[in-house]
Amino acid sequence: MSTTLNPCKHLSDYKLRYGVKGFNLSQKWVKSGPYGKTQMEVSKSEIPRCSFCSGYEGRLYICLICSSMSCSLSFESNHALLHTQTQIGHEIAVDLQRSELYCFACADQVYDPDFDRAVMCEQILGLGNGNLDGIRSNGKRKRLSFEVGFNSDFKNLKRVSGGGGEWDHGRRISKSCFPVGLRGLNNLGNTCFMNSVLQALLHAPPFRNHFLSGRHNRDSCRKTSAGRLCLSCDIDIIFSAVFSGDRAPYSPAQFLYSWWRLSENLACYEQQDAHEFFMSVLDRIHEKEGKTRNTNKDNGDCHCVAHRAFSGLLRSDVTCTTCGFTSTTYDPCVDISLDFNTTVDQFAANKAQKSTETGVSTLTSCLDLFTRPEKLGSDQKLYCQNCQERHESVKQMSIRRLPLVLCLHVKRFEHSLARKASRKIDRHLQFPFSLDMTPYVSSSIVRKRFGNRIFAFEGDESEISTNFEVFAVITHSGMLESGHYMTYLRLNEQWYKCDDAWITEVDDEVVRASQIYLVFYVQKPNSHKTGEDVGCHLRSSVSSDSFVSIAGCC
Amino acid sequence: MRASIKRPPTPDAEDEDQDREPTLPEIINIKLIESGEKERLKELLRERLIECGWKDEMKSLCRSFTRKKGRSNVTVDDLVHLITPKGRAAVPDSVKAELLQRIRSFLQSAAL
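From first to last, the protein sequence lines stand for chains A and B. Heads up: the first sequence begins at 1 in this note's numbering, then just goes up one per residue. Heads up: the second sequence begins at 1 in this note's numbering, then just goes up one per residue.
None of these hints come from the bench; they were simulated from the model.
Pair ranges (Cβ atoms, derived):
# : chain 1 : residue 1 : chain 2 : residue 2 : range
1 : A       : Glu270    : B       : Arg102    : 42 to 52 Å
2 : A       : Ser43     : B       : Arg104    : 27 to 37 Å
3 : B       : Ser105    : A       : Cys387    : 23 to 33 Å
4 : A       : Leu382    : B       : Arg104    : 26 to 36 Å
5 : B       : Ser72     : A       : Ala513    : 37 to 47 Å
6 : A       : Val510    : B       : Glu47     : 36 to 46 Å
7 : B       : Leu44     : A       : Lys420    : 32 to 42 Å
8 : B       : Leu24     : A       : Ser422    : 50 to 60 Å
Quick list of in silico lysine-lysine cross-link-like pairs, DSBU-like style, CA-CA up to 35 Å:
#  : chain 1 : residue 1 : chain 2 : residue 2
9  : A       : Lys44     : A       : Lys21
10 : B       : Lys38     : A       : Lys21
11 : B       : Lys38     : A       : Lys395
12 : B       : Lys59     : A       : Lys411
13 : A       : Lys424    : A       : Lys381
14 : B       : Lys69     : B       : Lys42
15 : B       : Lys68     : B       : Lys96
16 : A       : Lys375    : B       : Lys31
17 : A       : Lys28     : B       : Lys59
18 : A       : Lys28     : B       : Lys38
19 : A       : Lys31     : A       : Lys9
20 : B       : Lys59     : A       : Lys424
21 : B       : Lys96     : A       : Lys411
22 : B       : Lys69     : A       : Lys524
23 : A       : Lys44     : B       : Lys31
24 : B       : Lys31     : A       : Lys28
25 : A       : Lys395    : A       : Lys524
26 : B       : Lys59     : A       : Lys381
27 : A       : Lys15     : B       : Lys42
28 : B       : Lys55     : A       : Lys9
29 : B       : Lys96     : A       : Lys381
30 : B       : Lys96     : A       : Lys31
31 : A       : Lys28     : A       : Lys9
32 : A       : Lys44     : B       : Lys55
33 : B       : Lys96     : B       : Lys55
The beta-carbon is built from N, C-alpha and C at its ideal position, and this holds for glycine as well.
Just need the whole structure built from these sequences, with the hints factored in.
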């Protein structure tokens with residue numbers, strides 16, 4: 001993502017001579033089209049035509065110096081080129097349909113932050129003024145302030161600060177022994193949904209660091225001493241047990257009991273959904289911890305370990321298809337649920353990038369689908385503040401703030417209200433071990449909406465880490481009612497299969513071929529230190545000597 | 001030679017220009033734009049072309065071309081000329097049919 005595109009000499013010359021006057025003049029042409037597209041309209045009564053041939057087809061350019069229009073259809077019919085050849089010095093123009101700068105001499109698109117700012121401000125503010133008659137109150141401008149404050153918007157896209165220590169890639173242990181913290185969990189009666197999630201949580205870096213560094217002290221826990229149930233205490237017990245070095249399978253009975261008591265409606269021996277369990281555990285941890293820490297409503301500022309690790313912020317933009325006005329809301333989330341991208345790809349056979357054959361879906365295509373603009377049905381017309389009426393709208397999701405640990409939930413269980421039946425989608429989903437979330441963050445998504453632009457960022461974008469690395473995958477095999485959950489953990493670049501009490505080393509291919517249900521990625525710090533061999537020592541930010549006795553390691 | 005005041009005025013140069021007389025495609029185009037239907041059709045087309053993978057296909061064509069020529073040697077015009085014929089040919093028939101149907105029903109409702 002290059003934000004420093006050097007202008008061609010024609011553009012620099014133009015700016016030297018005319019400054020931003022021409023850009024500001026072009027603001028009067030800016031019209032907000034439906035669906036929020038930035039368009040230009042020179043005359044309200046006539047359609048734009050080329051001054052050479054009166055044609056209206058192809059790409060139309062309006063010269064920034066003389067405001068004459070020219071078209072470009074093909075090599076043979078290029079009146080844009082003709083214009084710059086007949087009018088010396090007229091080199092910079094605006095592409096009418098895209099509101100982007102074009103250089104006739106270079107025959108190429110050029111970029112200028114002042115131009116982008118002029119056009120975008122006009123579009124955004126223009127919506128506040130409305131293309132309608134009537135006087136707009138100041139109240140409307142306020143609502144748009146978050147959009148206009150673009151620079152601060154991006155500045156605030158800070159990297160989420162972690163809870164405890166860092167994700168340590170540096171450990172390299174001999175293959176003959178398992179890493180610390182790998183211990184089977186006994187199935188206590190259809191509790192594989194619980195075991196699989198516990199395994200993932202046990203190795204989620206912020207979680208692991210929080211508990212292993214003694215941040216939750218059972219002795220000083222208010223809940224426990226008051227005789228109340230504290231799920232975090234029970235989790236702490238599990239951490240102690242699992243990281244003790246004892247390899248015999250452990251039974252998390254205490255935890256199960258506590259969870260039952262706290263989620264009475266789910267207490268039974270029937271198979272539960274791992275994703276629902278995951279959410280309820282985070283909820284319980286937050287309830288117990290959050291209240292004792294602070295009363296911030298915004299989960300993003302909540303300091304409980306669950307939210308510090310998993311909480312992100314989703315942005316939802318709803319655009320009116322009639323006037324282009326966009327209304328934005330932010331919602332916190334602890335995971336992202338993805339629908340399968342099942343649209344048939346007619347070109348897949350030729351591609352080697354996303355799918356290797358028709359019918360293979362990928363996690364990234366599901367993320368594409370998640371952030372793709374979705375036209376809301378005509379039965380879901382939303383009230384547009386600009387038009388003051390109900391109109392059809394388009395909704396687009398994006399990620400405003402990435403969590404430290406990204407949990408992606410694949411919606412395999414389809415519940416159809418019409419047929420009153422549920423079914424499981426068995427389709428295999430390819431997923432990457434390294435995931436770059438850049439295309440799905442709000443800054444990328446929103447920026448694309450305005451066409452090809454560059455911004456002069458004030459914030460330091462390199463602080464933001466959008467690179468994620470997988471560390472746990474929960475798979476579901478079998479049928480809807482009677483299936484089995486397992487977790488694959490990636491420790492020191494080796495995959496381990498955790499099937500209740502049995503832990504085995506497996507190859508990458510096995511994991512890739514599995515039917516993923518929940519995938520856990522952790523943010524990879526930008527300054528990635530290459531591994532140092534520090535043996536089997538357990539590292540944590542706060543030194544804690546409570547229980548580290550590593551049995552059997554080199 | 002006496003100039004007759006009754007002589008009809010000299011026709012302007014523009015009158016010879018055949019674009020003065022709007023052709024049917026032009027009329028249709030103007031009607032589509034005025035009613036906003038053209039914009040809606042464009043959006044629909046964009047949506048369909050993304051769904052069927054056409055956009056990704058064109059993107060990868062552009063990428064491989066850019067890789068071969070070098071990033072600083074490629075212009076927008078180059079890319080447009082590269083993918084225009086291929087793009088036009090690659091539009092699925094179903095998409096063409098759908099758009100044509102929409103235009104037809106628009107014309108019927110606009111009583112042309």
